[in-house]
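Student: Take the sequences, apply the hints, and build the full model.
Order-wise, the sequence lines are chains A and B. Read in order, the letters of the first sequence correspond to residues 26 to 369 in the numbering used here. Read in order, the letters of the second sequence correspond to residues 26 to 369 in the numbering used here.
If you're looking for bench data, these hints aren't it; they were derived computationally from the structure. Some hints here could point you the wrong way.
[Said to hold, decoys possible] Here are the simulated EDC-like pairs of lysine to aspartate or glutamate, each with C-alpha atoms no more than 20 Å apart in a straight line:
#, chain 1, residue 1, chain 2, residue 2
1, B, Lys302, A, Glu267
2, B, Lys275, A, Glu71
3, A, Lys275, B, Glu296
4, A, Lys275, B, Glu300
5, B, Lys275, A, Glu52
6, B, Lys288, A, Glu300
7, B, Lys104, B, Glu89
8, A, Lys278, B, Asp306
9, B, Lys278, A, Glu296
10, B, Lys275, A, Glu300
11, A, Lys271, B, Glu276
12, B, Lys271, A, Glu267
13, A, Lys286, B, Glu296
14, A, Lys212, B, Glu173
15, A, Lys275, B, Glu173
16, A, Lys288, B, Glu296
17, B, Lys303, A, Glu276
18, A, Lys271, B, Asp306
19, B, Lys102, B, Asp118
20, B, Lys288, A, Glu296
21, B, Lys271, A, Asp306
22, A, Lys302, B, Asp118
[To be verified] For each label pair, taking beta carbons as the anchor points, the in silico distance ranges come out as:
#, chain 1, residue 1, chain 2, residue 2, range
23, B, Ala229, A, Arg210, 39 to 47 Å
24, B, Glu226, A, Met26, 32 to 40 Å
25, B, Gly195, A, Asp36, 36 to 44 Å
[As the list claims (entries may be wrong)] A few chain A residues facing chain B, derived, Cβ under 10 Å:
#, residue
26, Glu71
27, Ala72
28, Asp74
29, Asn205
30, Gly237
31, Ala244
32, Asp255
33, Ser258
34, Val266
35, Met280
36, Phe281
37, His283
38, Ala291
39, Tyr349
Just so you know, even glycine gets a beta-carbon here, dropped at the ideal spot from N, CA and C.
This is what each chain is made of:
2 protein chains.
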Amino acid sequence: MKIIVDAMGGDNAPGAIVEGALQANRELGVDILLVGRTEAILKAMEAADVKELPSGVEIHNATEVIEIEDDAATAFKKKKDSSMTVGLTLLRDGVGDAFVSAGSTGALLSGSTLLVKRIRGIRRAAMAPTAPVFGGRAILCDCGANAECTPEYLLQFAYLASLYAQKTLGVASPRVGLLNIGSEREKGDSLRLAVYPLLEEAHAAGRINFIGNIEGNTAMMGAADVIVADGYSGNIFLKSVEGAGKLMAKEMKNMFMHSAKTKVAALLMKERIAEFKKILDPNEVGGVPFLGICKPVIKAHGSSNAWAIRNAVRQARDFAQSTYIEDVQANIEFMKVSVPAENA
Amino acid sequence: MKIIVDAMGGDNAPGAIVEGALQANRELGVDILLVGRTEAILKAMEAADVKELPSGVEIHNATEVIEIEDDAATAFKKKKDSSMTVGLTLLRDGVGDAFVSAGSTGALLSGSTLLVKRIRGIRRAAMAPTAPVFGGRAILCDCGANAECTPEYLLQFAYLASLYAQKTLGVASPRVGLLNIGSEREKGDSLRLAVYPLLEEAHAAGRINFIGNIEGNTAMMGAADVIVADGYSGNIFLKSVEGAGKLMAKEMKNMFMHSAKTKVAALLMKERIAEFKKILDPNEVGGVPFLGICKPVIKAHGSSNAWAIRNAVRQARDFAQSTYIEDVQANIEFMKVSVPAENA
Chain A
26 MKIIVDAMGG DNAPGAIVEG ALQANRELGV DILLVGRTEA ILKAMEAADV
76 KELPSGVEIH NATEVIEIED DAATAFKKKK DSSMTVGLTL LRDGVGDAFV
126 SAGSTGALLS GSTLLVKRIR GIRRAAMAPT APVFGGRAIL CDCGANAECT
176 PEYLLQFAYL ASLYAQKTLG VASPRVGLLN IGSEREKGDS LRLAVYPLLE
226 EAHAAGRINF IGNIEGNTAM MGAADVIVAD GYSGNIFLKS VEGAGKLMAK
276 EMKNMFMHSA KTKVAALLMK ERIAEFKKIL DPNEVGGVPF LGICKPVIKA
326 HGSSNAWAIR NAVRQARDFA QSTYIEDVQA NIEFMKVSVP AENA
Chain B
26 MKIIVDAMGG DNAPGAIVEG ALQANRELGV DILLVGRTEA ILKAMEAADV
76 KELPSGVEIH NATEVIEIED DAATAFKKKK DSSMTVGLTL LRDGVGDAFV
126 SAGSTGALLS GSTLLVKRIR GIRRAAMAPT APVFGGRAIL CDCGANAECT
176 PEYLLQFAYL ASLYAQKTLG VASPRVGLLN IGSEREKGDS LRLAVYPLLE
226 EAHAAGRINF IGNIEGNTAM MGAADVIVAD GYSGNIFLKS VEGAGKLMAK
276 EMKNMFMHSA KTKVAALLMK ERIAEFKKIL DPNEVGGVPF LGICKPVIKA
326 HGSSNAWAIR NAVRQARDFA QSTYIEDVQA NIEFMKVSVP AENA
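Tutor: Right under this line is the structure:
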């Protein structure tokens, strides 16, 4: 198992990326192929007190770096020797089993779609983060890759995420909910009304476990294992939850800093507060998989620290070890809507 | 100032409604007109230890009650003698200055639109709750009244909410943000792309203070005073924040109940925890105004307790005392998009 890592992508590259990748190699026993400027990578290794390339760690030189300012749709083409383009090409060519990058989301999505390609029959790749919900975690799909969606895209997201939830959450029959503004079947906009019967049909055929519409609050209370959304509203969901978490964390801090008495309480609560913070810490999850691409690509978040990269590599390994892509291929005929919306 | 109150709407009607309305009469000095089954209202008064109708409190009998099961679009018509229909009619006829109901949102919206009517030129009434954000509060508009929107609706929501924020948040020039999935102007779906230049134009003319796109997380961090959204994604935003708040409140409870040590901390934190809970308590805000209706209508949430009703009456009073509706009328020409989307 070899994971290709974009050493140059993200706010803390290459330092935190290299450190996290080396940690994954040590702790998880996976081989690592670091892609980027060799000199910068070696320097980052030195800073992490690693004098020699450990066994199972290689470097593949790439001289360019895709920056946030670069046009997302064309960056991977314009910068042919960028760490991201080279990394994706190595993945396509089978040099490694999965690719991890903390670089530009848009560029990674375009590059994955056009270089590595989608699974045949899949209309759009989607991003499927794992969201913290009460009592566990849920897979949200899509969360921003596709702002504009057709009913068929949403049907495909339901399958893609349900199959992924089976692998990653270990749930045999994940409860699939359609993110909506009420639980009744007649709720929502025209997109929701159009996709509802498609999901019902898939449920009736025993292919997915569709539990109906779910609202943002019940989703957070753990009502579903899979939350199906277009990229626009999925992103609103995810960012709103993130914002509410930040707001509450700030208010909680104020609460504990209020007086001498509350500061004593803070001391008594120290370990608990650390545990509490972990719930909403994106570094714990690792990254966001691009579902629908024919090889595993994991987007680590832009501000990833070494721990986040280590976890993203773990996630990439689990993805690559699973039969996920074969499972999608086996179900592809059920994910098509009879009136063809466009060419795949 | 007389506020008409639907005594029969909501999970805790008529008890909590009557109690809250009487409290508002006592504490805020507003006259109250309770609409509903006289007998049930008198019984609720008795239960609240009020033997006689206080000065400034009247009852208007209405024999029917609109239930959650009733069809929202037609309930107000089918149940002509319902507390909601009678209350809205009294409002229309000028018997009172504003209407408060904790009953069915859909029925109240249909009834307000068809009985009380929209302000001339306004395409759709919108719901504009006040959301807790870091450092204060923000007005979200729409949050669920209109699942499907045109660019013109969103332009109107921006004006409606900006003028409302001036009155209720006391901000002279409210920062208006368009809820979106990125801050750059080219982000989002076709609706967002179409409304962005309309908002820019209104900004350039000095009519609203448009600050551009805002994401769910920055909105929660207090980046805008007004958050403009279609009813579908506004509802996703609101419910997700609510759900995240609930999740964190539950996790916080677990945190404090963890051990003898943390229970001591909980005791030290008692007053702070109570303050913290208030941040996300919908009972504190009161209710949600229907903007665009030509008289003030406030939707109190379904599970309102007496305190929530008292606060909704306060909100209704403030709305009715303001020049809000005149302000909207004065701006109506600027809220039209030259290509008419449909009849008003």
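Student: Would you mind marking each hint as holding or not holding in the structure?
Tutor: Structure-based check of each hint:
The suggested pairing of Lys302 (chain B) with Glu267 (chain A) holds, with an alpha-carbon distance near 19 Å, which does not exceed 20 Å. Between Lys275 (chain B) and Glu71 (chain A) the alpha-carbon distance is near 44 Å, which puts this suggested pair outside the 20 Å criterion. Proximity of Lys275 (chain A) to Glu296 (chain B) is assessed by CA-CA distance (about 17 Å); at most 20 Å being required, the pair is judged to hold. In summary, the hint linking Lys275 (chain A) to Glu300 (chain B) is supported, as the alpha carbons are separated by about 14 Å, within the 20 Å threshold.
Between Lys275 (chain B) and Glu52 (chain A) the alpha-carbon distance is near 34 Å, which puts this suggested pair outside the 20 Å criterion. Among the hinted pairs, Lys288 (chain B) with Glu300 (chain A) is consistent with the structure: their alpha-carbon atoms are about 16 Å apart, no more than 20 Å. The straight-line distance between the Cα atoms of Lys104 (chain B) and Glu89 (chain B) is roughly 7 Å, inside the 20 Å bound, and the hint therefore holds. Taking the CA atoms of Lys278 (chain A) and Asp306 (chain B), the gap is about 19 Å. The hint holds against a cut of 20 Å.
Taken as a hint, the Lys278 (chain B) and Glu296 (chain A) pair is honoured in the structure, with Cα atoms around 15 Å apart against an allowance of 20 Å. Between the alpha carbons of Lys275 (chain B) and Glu300 (chain A) the distance comes to roughly 14 Å, so the proposed pair stays at or under 20 Å and holds. Taking the CA atoms of Lys271 (chain A) and Glu276 (chain B), the gap is near 15 Å; set against the 20 Å cutoff, the hint holds. Between the alpha carbons of Lys271 (chain B) and Glu267 (chain A) the distance comes to roughly 13 Å, so the proposed pair stays at or under 20 Å and holds.
For the proposed pair Lys286 (chain A) and Glu296 (chain B), the alpha carbon gap of about 11 Å is at most 20 Å, so the pair holds. With a C-alpha separation of about 11 Å, the suggested pair Lys212 (chain A) and Glu173 (chain B) falls inside the 20 Å cut-off, and the hint holds. With a C-alpha separation of about 35 Å, the suggested pairing of Lys275 (chain A) with Glu173 (chain B) is violated against the 20 Å cut-off. Note on Lys288 (chain A) and Glu296 (chain B): the hinted pairing holds, with a Cα-Cα distance of about 14 Å set against a maximum of 20 Å.
A threshold of 20 Å between alpha carbons decides the hint, and for Lys303 (chain B) with Glu276 (chain A) the separation of about 11 Å falls inside it, so the pair holds. Of the supplied pair hints, the one linking Lys271 (chain A) and Asp306 (chain B) holds, its CA atoms being roughly 17 Å apart against a limit of 20 Å. For the hint pairing Lys102 (chain B) with Asp118 (chain B), the CA-to-CA distance comes to about 17 Å; that is within 20 Å, so the pair holds. Under the criterion of a C-alpha separation no larger than 20 Å, the hint pairing Lys288 (chain B) with Glu296 (chain A) is consistent with the structure, at around 14 Å.
Our distance criterion of 20 Å between C-alpha atoms is met by Lys271 (chain B) and Asp306 (chain A), whose separation comes to about 17 Å. Proximity of Lys302 (chain A) to Asp118 (chain B) is assessed by CA-CA distance (about 55 Å); at most 20 Å being required, the pair is judged violated. Separation of Ala229 (chain B) from Arg210 (chain A) is about 44 Å and conforms to the stated range, judged on CB atoms against 39 to 47 Å. Hint check: Glu226 (chain B) to Met26 (chain A), Cβ distance near 55 Å, so the stated range 32 to 40 Å is violated.
Checked against the hint of 36 to 44 Å, the C-beta distance between Gly195 (chain B) and Asp36 (chain A) comes to roughly 38 Å, which is consistent with it. The restraint placing Glu71 (chain A) at the interface with chain B is violated, with a minimum CB-CB distance near 36 Å, outside the 10 Å limit. A cut of 10 Å between beta carbons decides the hint on Ala72 (chain A): the least distance to chain B is about 31 Å, and the hint is violated. The restraint placing Asp74 (chain A) at the interface with chain B is violated, with a minimum CB-CB distance near 36 Å, outside the 10 Å limit.
Restraint check, Asn205 (chain A) versus chain B: the minimum CB separation of about 8 Å is within 10 Å; hint holds. Look at Gly237 (chain A): its Cβ only gets to about 16 Å from chain B, farther than 10 Å, so that hint breaks. The interface hint given for Ala244 (chain A) is met, as the beta carbon of that residue sits about 6 Å from the closest beta carbon of chain B, less than 10 Å. This hint holds: Asp255 (chain A) has a C-beta 8 Å from the nearest C-beta of chain B, less than the 10 Å allowed.
The beta carbon of Ser258 (chain A) is positioned within 10 Å of a beta carbon in chain B (closest approach about 5 Å), and the interface hint is therefore held. At a threshold of 10 Å, the smallest CB-CB gap from Val266 (chain A) to chain B is about 4 Å, leaving the interface hint in force. Taking 10 Å as the C-beta cut-off, the interface hint given for Met280 (chain A) holds, the closest approach to chain B being about 4 Å. Here the hint on Phe281 (chain A) is kept, as its CB sits about 8 Å from the closest CB of chain B, short of 10 Å.
Interface restraint check: His283 (chain A) against chain B, minimum CB-CB distance 6 Å, threshold 10 Å, status holds. Below 10 Å, beta-carbon pairs count as interface contacts, and Ala291 (chain A) has one with chain B at about 8 Å; its hint therefore holds. Taken as an interface hint, Tyr349 (chain A) does not check out: its beta carbon lies about 26 Å from the nearest beta carbon of chain B, beyond 10 Å.
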